[in-house]
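Using the sequences and the accompanying hints, generate a full structural model.
Chains A and B, in that order, are what the protein sequence lines are.
Under numbering that gives the first Met the number 0, think of the first position of the first sequence as 0, with each following residue one higher.
Under numbering that gives the first Met the number 0, think of the first position of the second sequence as 0, with each following residue one higher.
Please keep in mind that the hints were generated in silico from the structure rather than gathered at the bench.
The beta-carbon is built from N, C-alpha and C at its ideal position, and this holds for glycine as well.
Hints may be right or wrong, so weigh each one.
Only some residues are given here: those of chain A computed to face chain B with a beta carbon under 8 Å [as the list claims (entries may be wrong)]:
(1) ALA57
(2) PRO331
(3) GLY370
The primary structure of each chain is shown beneath.
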Amino acid sequence: MNTTALTRGALPRLLAGLSYDSPARLAEHCRQYGPLPVVGRRFIDVVDAAGLTGRGGAGFPTGRKMRSVAARRGGKVVVGNGCEGEPASSKDRLLLTRLPHLVLDGLVTAAAAVGARDAYLCLHDHETGLLASLDDAVAERNDPVRVQVAGVPARYVASEQSSIVQYLGGGPAKPTFAPPRPHERGVRGLPTLVSNVETLAHLALIARYGDRWFRSAGLPAAPGSMLVTVSGAVCLPGIYEIELGTPIGDVVVRAGGPAERPQALLVGGYFGAWLPVDVAWPLPMTHAALKAAGGALGAGMVLTLPASSCLLAETARVVRYLADEGAGQCGPCVFGLPALADAMADLAYHGGRGRVLRQLAALIPLVERRGACRHPDGVTQLIRSALRAAAEDARAHDEAGPCHGVAREPLLPLPEEIP
Amino acid sequence: MKLRVNPIACTGHGMCAELLPELIRLDPWGFPLLADAPVPRELADHARRAAAACPTLALLTGESLVPGAGVRGGGRHAG
Chain A
0 MNTTALTRGA
10 LPRLLAGLSY
20 DSPARLAEHC
30 RQYGPLPVVG
40 RRFIDVVDAA
50 GLTGRGGAGF
60 PTGRKMRSVA
70 ARRGGKVVVG
80 NGCEGEPASS
90 KDRLLLTRLP
100 HLVLDGLVTA
110 AAAVGARDAY
120 LCLHDHETGL
130 LASLDDAVAE
140 RNDPVRVQVA
150 GVPARYVASE
160 QSSIVQYLGG
170 GPAKPTFAPP
180 RPHERGVRGL
190 PTLVSNVETL
200 AHLALIARYG
210 DRWFRSAGLP
220 AAPGSMLVTV
230 SGAVCLPGIY
240 EIELGTPIGD
250 VVVRAGGPAE
260 RPQALLVGGY
270 FGAWLPVDVA
280 WPLPMTHAAL
290 KAAGGALGAG
300 MVLTLPASSC
310 LLAETARVVR
320 YLADEGAGQC
330 GPCVFGLPAL
340 ADAMADLAYH
350 GGRGRVLRQL
360 AALIPLVERR
370 GACRHPDGVT
380 QLIRSALRAA
390 AEDARAHDEA
400 GPCHGVAREP
410 LLPLPEEIP
Chain B
0 MKLRVNPIAC
10 TGHGMCAELL
20 PELIRLDPWG
30 FPLLADAPVP
40 RELADHARRA
50 AAACPTLALL
60 TGESLVPGAG
70 VRGGGRHAG
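Here is the structure:
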């Protein structure tokens, strides 16, 4: 058994089993990480002690979420969310393509702990090759839980947990009104635990090595490691495993450092926030620190924007994309997001004749916290942070017109049109 | 008692703002903006009436937040 890479405090953990090119097969996987212990409900205490929080974006304590499902009577369901709706994130895809058994170990472990006999692993339905290879991985195993690999429509809000739950129950892949929440009434009316696939992969390691091992990386208040997708104007963009609490600047340096003089960092993806470089650089990668800075850790994206780009034009383009990606269910989102996208486009490309900033300030509260899901709130947080991080530039755009940066090729990724 | 709108069910008829203008006004697109405070006792009956009059039953009082729970008073689900 080769577990030398998983000694206390050492990284990588999740990525220790990464092979050159192909997905790890079951035998190889067991050699790397050791056999998967069988757990029961008491494993939830271990997860609590480990202090694992969800790695999909919200950062909710995983143990508490598991407990709320385990406490309910009757049948239960566990869902592994690998949809990764954030265009600037690809860490979940890395886990699913290269370390499928780590994710499946976590899914099975979570099911055993909460008492579920049915489990789903969800990813975008256009990933037909990946869906097939995950079916193969499931077939290689002999799990006591029925595991189904399921494709979900590749829309931004379809990755939201209530959307997935409704879709698996035969409904549309759109968010639902809460209550009831999935842990109360989820797939086919059964209490349902929805966890991001990286969270499940961490569970697979906690089951093997325990809570003290897990806490030997990261900070006491934010323990463990996490996967981050570092992109934009850096020399070595890619996916890195870091300890929670690593300063954002160190994360950028690990990715080869800035490729050009940086202007601002987008941390947490399109549900996160822009932070000026000097603010972001020393900030630790934790939910608490990023929230205090007006942002969010999200699913761990760090994107470096060079000084030669226009932050407002980049944001306007993403806001338009997000406005188009709504589920079309809630009035404030249906009407408010296109209005915000129009105003941002005016500000970025046309100049506002001194009016657009006021218009944005009036629109934002008409959209915020008025949807069934958090989609509109993500958009307003992004806009607010853009107007803060590029405050001077925003005034200049509004009064005098666009800057030279709008001519630059856009840097923020949007998904390609899916046929 | 606290008011809440199910934004998926709401289609912007605007009935609620007409029946309960003290606590509800409409945004530029005709969807309700609710006061963020609990419903004062003297308006509780008006709030219940507005909720019952909503054509899509999208306006919820704290008492009926859990679907199927019905109006039972007591504020068990309030907030």
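Right, here's what the structure says about each hint:
no.	hint	in the structure
1	ALA57	violated (20 Å)
2	PRO331	holds (6 Å)
3	GLY370	holds (6 Å)
Hint 1 from the earlier list is the only one contradicted by this structure; the remaining hints agree with it.
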